[in-house]
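The primary structure of each chain is shown beneath.
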Amino acid sequence: MKRRSFIKVAGLLYAYSLFAKCGAFAAAMPGRVIEAVRGGFYPGKIKRLDLKAIAKQGEWKG
Amino acid sequence: MDIQCELCPRGCLVKPGQSGDCRIRVNIDGKLLAVTYGFPCAMHVDPVEKKPLFHFMPGTKTFSIATAGCTMHCKNCQNWEISQSPPHLVDAYQVLPEQLVQMAIRYECPSISYTYTDPAAYYEYALDCSIKAREAGLKNILVTAGYINRKPYRQLCRYTDAATIDVKAMSDKFYRDVCGSTLAPVLDTVVSTKEAGVELEVSNLVIPTLNDSDAMLSAFVKWVKENLGKDTPLHFLKFVPYYLMRNLPPTSEETMGRARDIAKAAGMEYVYVGNILNEQWTCTFCPGCGSELVRRHNMVMMENHLNGGKCPKCGKKIYGVWK
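Chains B and W supply the protein sequences, listed in that same order.
This note's numbering puts the first residue of the first sequence at 1, with every later residue one more than the last.
This note's numbering puts the first residue of the second sequence at 63, with every later residue one more than the last.
To be clear, the hints were calculated from the coordinates, so they are not data collected in a lab.
Among the clues, some could well be false.
Cross-link-like lysine to aspartate or glutamate pairs, in silico, EDC-like; alpha carbons within 16 angstroms at most [to be verified]:
id, chain 1, residue 1, chain 2, residue 2
1, B, Lys47, W, Asp153
2, W, Lys213, W, Glu186
3, B, Lys52, W, Glu170
All chains, full assembly: derive it from the sequences and hints.
Right, dumping it as structure tokens:
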């Protein structure tokens, strides 16, 4: 089975298992399937947004 | 089906499942998608002077972002860990354009800067953020190397208020050897920016033995004066060894002074030297009477004597946006 077809079939299974409240089955899916279904296609890791860290200012602050 | 990308002069022919040279645009099921759209990997609150931008809203903060990837591959890149890495190796935040604008407002930044890597690479995200920022009354700043096609760039310029463009050297060989690109499209971008009415400043990183000769510096200054005007702010930046160019020493203060002297002798009115702690080289002087107008120290504006964008002594109008 081609990779894309696998993702599609597995994605449908994943969505159905969530709908049917089979959490354990959904959690057992490969990570790439879960990522594909959840939308947003950034291929890397998503960082937690820490607003305080972003606002931190350096030595330049006058 | 292969797709031809028309964003930058490289014109990558992208095969299904593969990315272009910028590593951002991927051919997914026959559509070219920017995988870093909405996923900035760097977000900081910077002084606008850090861009470097000395003639645009001095003393203000700017909300600065970047995503992974770049249209150029400079061997001396100082942000190479994000610009030269494929997105799947760079951790990112998930921030939609609307959220980004809200964050800039929350941190009292009157502008958003698209910087660190290159907005030419994360074009779609920069464009949408610029549109949303403009709607919210914020200014947009591009910090770019200018390696982008004219048509998409003009579209981006419609929402851009200020730009700093880095011209690496006046040599196509330099661009091919050091940056993996070409010179002509960059010069075209610089001219397009001026034509679009965007507040423009030009920078040049002076690298020992590669682009620090008198001939190279003079050619750069001459081109800027003839094509952009003598009132265009020029920034000569000191090279610091990074990435694949750690074999060269940092640029000496003497060389930076020589670059400044060449530009001054050619008649350029606003010449600055960056990455060096020398107050005299980062101050703005009136080209008319020579009085000190804006004093800066290590990227911080200390004093601003301008009166409505004019010299308080002789009344000469100073290039830039000063409100």
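So, going through the hints one by one against the coordinates:
1. For the suggested pair Lys47/B and Asp153/W, the alpha carbons sit about 6 angstroms apart, so the restraint of at most 16 angstroms is met.
2. The hinted pair formed by Lys213/W and Glu186/W meets the criterion: a straight-line CA distance of about 13 angstroms does not exceed 16 angstroms.
3. For a cut-off of 16 angstroms, the pair hint linking Lys52/B to Glu170/W stands: about 14 angstroms separates their Cα positions.
In summary, this structure violates none of the numbered hints.
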